Amino acid sequence: MRVVLVGAGNTATVLGKLLTRAKHKVTRVISRTPESAKTLADLLETEYGNLNDSSFGDADIYIVALHDQVMSNLERFTALNGKFIVSTAGALPIDSLKTCSDRYGVLYPLQTLSKYVDEIPRIPFMVDGNNDETLGALLSLAGSLSDSVVHANDNQRMGYHIAAVFAANFANHMYALAEIYCQRESIDFKHILPLINEICHKVNLYSPFLTQTGPAIRNDVMTISRHLENLSKYPDLKYMYVKMTESIMKLHGNR
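All you need for this note's numbering is the position in the sequence shown, starting with 1, plus 2.
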């Protein structure tokens with residue numbers, strides 16, 4: 003397929019690489035900033051333009067890989083009326099695009115993506131279309147990019163998006179807090195990494211509910227009290243420790 007990419011951030015960059023590897027042709031990269039558009043266009047060996055004053059060009063599909071806040075202002079995309087326009091947003095309802103065209107859909111990559119990483123991880127794609135033709139086209143396109151493709155409606159995509167925030171964004175935030183604590187205590191965070199790796203390994207094999215460990219699930223009040231005493235000098239970390247401990251105890255109260 004001939005593809006125009008609108009956006010030049012993490013999602014657009016990874017999609018551009020995948021599309022090129024799958025022998026699709028990215029005919030143009032359009033971004034709010036010409037510099038970022040040129041950077042990605044040079045990587046993909048194609049043309050680039052500015053979202054505010056550039057034509058979209060001709061293509062089979064227009065993939066809009068922009069933040070949800072930007073997608074809330076869709077007036078600039080009315081020029082694509084009649085074209086096949088697709089959003090990559092997980093939490094944006096598909097019908098948000100109906101003011102732009104009568105052919106639209108969603109191609110949501112359920113993965114944390116970075117334009118600076120050379121090795122692209124396995125990416126499940128959640129897709130939907132406003133009719134059988136657009137859905138079929140997106141299932142085919144996604145199938146050329148990944149071995150994991152799911153037809154997901156608005157509610158299902160929202161559910162996956164929320165679950166991803168818990169599993170990835172919040173989990174990474176916990177890693178960041180652990181790193182901050184290690185820095186404050188002058189201990190080496192690298193010795194925590196094998197623990198993180200083991201947790202990530204086990205979650206592929208067993209339910210995380212069943213593999214929960216630690217003082218909270220054991221109701222080890224003595225250890226928890228000692229931890230909280232140590233954390234008294236770090237109110238921000240103590241607050242999170244208390245909330246997470248309460249959450250674990252509540253979830254496993256009847257175990």
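If you are wondering where the hints come from, they were derived from the structure by calculation, not from laboratory data.
Just so you know, not all the hints are guaranteed correct.
[Unchecked claim] Listed next, the in silico DSS-like pairs over lysine-lysine satisfying Cα-Cα at most 27 Å (straight line):
{"hint": "1", "residue 1": "Lys117", "residue 2": "Lys245"}
{"hint": "2", "residue 1": "Lys100", "residue 2": "Lys85"}
{"hint": "3", "residue 1": "Lys204", "residue 2": "Lys245"}
{"hint": "4", "residue 1": "Lys19", "residue 2": "Lys85"}
{"hint": "5", "residue 1": "Lys117", "residue 2": "Lys25"}
{"hint": "6", "residue 1": "Lys40", "residue 2": "Lys27"}
{"hint": "7", "residue 1": "Lys245", "residue 2": "Lys192"}
{"hint": "8", "residue 1": "Lys40", "residue 2": "Lys25"}
{"hint": "9", "residue 1": "Lys192", "residue 2": "Lys117"}
{"hint": "10", "residue 1": "Lys40", "residue 2": "Lys19"}
{"hint": "11", "residue 1": "Lys19", "residue 2": "Lys117"}
{"hint": "12", "residue 1": "Lys85", "residue 2": "Lys25"}
{"hint": "13", "residue 1": "Lys252", "residue 2": "Lys192"}
{"hint": "14", "residue 1": "Lys245", "residue 2": "Lys235"}
{"hint": "15", "residue 1": "Lys252", "residue 2": "Lys240"}
Remember, it's a predicted structure, so these values are computed and weren't measured experimentally.
Are the Cα atoms of Lys100 and Lys85 separated by 27 Å or less? 11 Å, holds
Between the alpha carbons of Lys192 and Lys117, is the straight-line distance 27 Å or under? The hint holds at about 25 Å.
Hint consistency between Lys40 and Lys27 [alpha-carbon to alpha-carbon, up to 27 Å]: With Cα atoms ~17 Å apart, Lys40 and Lys27 stay inside 27 Å; holds.
Could you grab the alpha-carbon distance between Lys245 and Lys192 and see if it respects the 27 Å cut-off? Cα-Cα ~25 Å, so holds.
Given the proposed pairing of Lys19 with Lys85, does the C-alpha separation stay at or below 27 Å? 23 Å, holds
Going straight from one Cα to the other, do Lys204 and Lys245 come out at no more than 27 Å? 24 Å, holds
Sort out whether Lys240 lies within 27 Å of Lys252, counting only the CA atoms. 18 Å, holds
Holds or violated: are the alpha carbons of Lys252 and Lys192 at most 27 Å from each other? Cα-Cα ~31 Å, so violated.
Quick one, are Lys117 and Lys25 close enough, alpha carbons at most 27 Å? 20 Å, holds
Would the hint linking Lys19 and Lys117 be met if the CA-CA limit is 27 Å? Holds, at roughly 10 Å.
Are Lys245 and Lys235 close enough, with their CA atoms no more than 27 Å apart? 17 Å, holds
Satisfaction of hint between Lys245 and Lys117, Cα-Cα up to 27 Å: Between Lys117 and Lys245 the Cα gap is close to 34 Å, so the pair fails against 27 Å, i.e. violated.
Checked against the numbered hints above, the structure breaks hints 1 and 13 and satisfies the rest.
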